[in-house]
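Going by the UniProt record's numbering, the first residue of the sequence shown is number 1, and it counts up by one from there.
What the hints contain is simulated information worked out from the structure, not anything from laboratory work. As the structure is a prediction and not an experimental result, all values here were calculated from the model. Mixed in with the good hints, there may be bad ones.
[Claimed, not checked] Simulated crosslink set (DSSO-like; lysine-lysine; CA at most 30 Å straight-line):
{"id": "1", "residue 1": "Lys-324", "residue 2": "Lys-184"}
{"id": "2", "residue 1": "Lys-184", "residue 2": "Lys-318"}
{"id": "3", "residue 1": "Lys-219", "residue 2": "Lys-19"}
{"id": "4", "residue 1": "Lys-318", "residue 2": "Lys-388"}
{"id": "5", "residue 1": "Lys-249", "residue 2": "Lys-184"}
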Amino acid sequence: MKFGGTSVATLDRIRRAAKRVGVEVAKGYDVIVIVSAMSGETNKLVGYVEETSPLFDAREYDAVVSSGENVTAGLMALTLQEMDVPARSWQGWQVPVRTTSAHASARIEEIPTDNIMAKFGEGMRVAVVAGFQGISPEGRITTLGRGGSDTTAVAFAAAFDAERCDIYTDVDGVYTTDPRICEKARKLDRIAFEEMLELASLGAKVLQTRSVELAMRYKVKLRVLSSFEEMDDAAGTLVCDEEDIMESKVVAGVAHSRDEAKMTLVSVADRPGIAAAIFTPLADAGVNVDMIVQNISEDGRTDMTFSCPTNQVARAQKAMNDAKESGSINFHEILADTAVCKISVVGIGMRSHTGVAAKMFKVLAQEGINIQVITTSEIKISVLVERKYMELAVQALHDAFDLDKAG
1 MKFGGTSVAT LDRIRRAAKR VGVEVAKGYD VIVIVSAMSG ETNKLVGYVE
51 ETSPLFDARE YDAVVSSGEN VTAGLMALTL QEMDVPARSW QGWQVPVRTT
101 SAHASARIEE IPTDNIMAKF GEGMRVAVVA GFQGISPEGR ITTLGRGGSD
151 TTAVAFAAAF DAERCDIYTD VDGVYTTDPR ICEKARKLDR IAFEEMLELA
201 SLGAKVLQTR SVELAMRYKV KLRVLSSFEE MDDAAGTLVC DEEDIMESKV
251 VAGVAHSRDE AKMTLVSVAD RPGIAAAIFT PLADAGVNVD MIVQNISEDG
301 RTDMTFSCPT NQVARAQKAM NDAKESGSIN FHEILADTAV CKISVVGIGM
351 RSHTGVAAKM FKVLAQEGIN IQVITTSEIK ISVLVERKYM ELAVQALHDA
401 FDLDKAG
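Kindly produce the complete structure, drawing on both the sequences and the hints.
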């Protein structure tokens, strides 16, 4: 059971979360609880680090920022003990959660089960583990990046072969689109791992992408539910194998990402190796490139367009200008349009149905929305459009694919 920051934001909420844990213990389960820092705590700690040392040592950053989860783990264990549930807290290094040395974005390498299983054998019923943290091969505390507690929870469920993994958050499940944008958005009872993976990577903020990847690889049944709703075994959304879904619609959901930018290199040489010469420096600079379009060549020159997050525009511009100065590429100018957004439709049903792209483009055309860039995969179609049309595009597509109706 994983409880996010809003679910443990106050002592009162920690008590409510502990009651849910107590219910599972009463059913006869041994429970591993993964906790996040109390809501707002991580931001406060990050602020302290940045104010103290603008060019901070990432190892000390992890030491400071990981402390938020330790506080919650201790408080949750104390709360359970007050309810006469045998519980104790575990920090990442005590398990130990072995990770890579990439501070602030470490990956979990291994979770040995011996220490926790030994304590279960001695009568402990609940292990409360601080999420988002681990220990590097050098013995330093590491953190897994934002949303890392989701990944911790799925990794523990896989390591301990848990019956399922419940992610408690401030929403009561996965919706066909963002309910704040489209009031007809409908909660899904079930969604396939691949659909959730696409939705998570395309802007749906419900689960961290890496946690879904892990769940898919290790076949961990994931349930997303609200810690503020009444307790109900059928609540939330089950993220599961495609086979476990009786019948799915062609399109499962519409995702949007507001913070996209469109970059265009005007007039680059159209020659073998030019794409590598452009995208290698971008990768080295840590720019997360998504969509790529190359225009028709004229007189041996072409334009290359790509999208990236808006907060990486300056980094992309610097990487391209440095590459131009070094002589590895030559272009006329670099244009950045930060007033765009990405809209995507996702669904495993697209594999066996034609006409989804045609329908999507037709709907946007009827609303007078111009498509600037298109990318597709087996189960998704993404387009870049002007940001001012974002809500209209989401609502129109949600209606067109009848996502407010079940089955």
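Numbers of the earlier hints that this structure fails to satisfy, in rising order: The structure conflicts with hints 1, 2, although it agrees with all the remaining ones.
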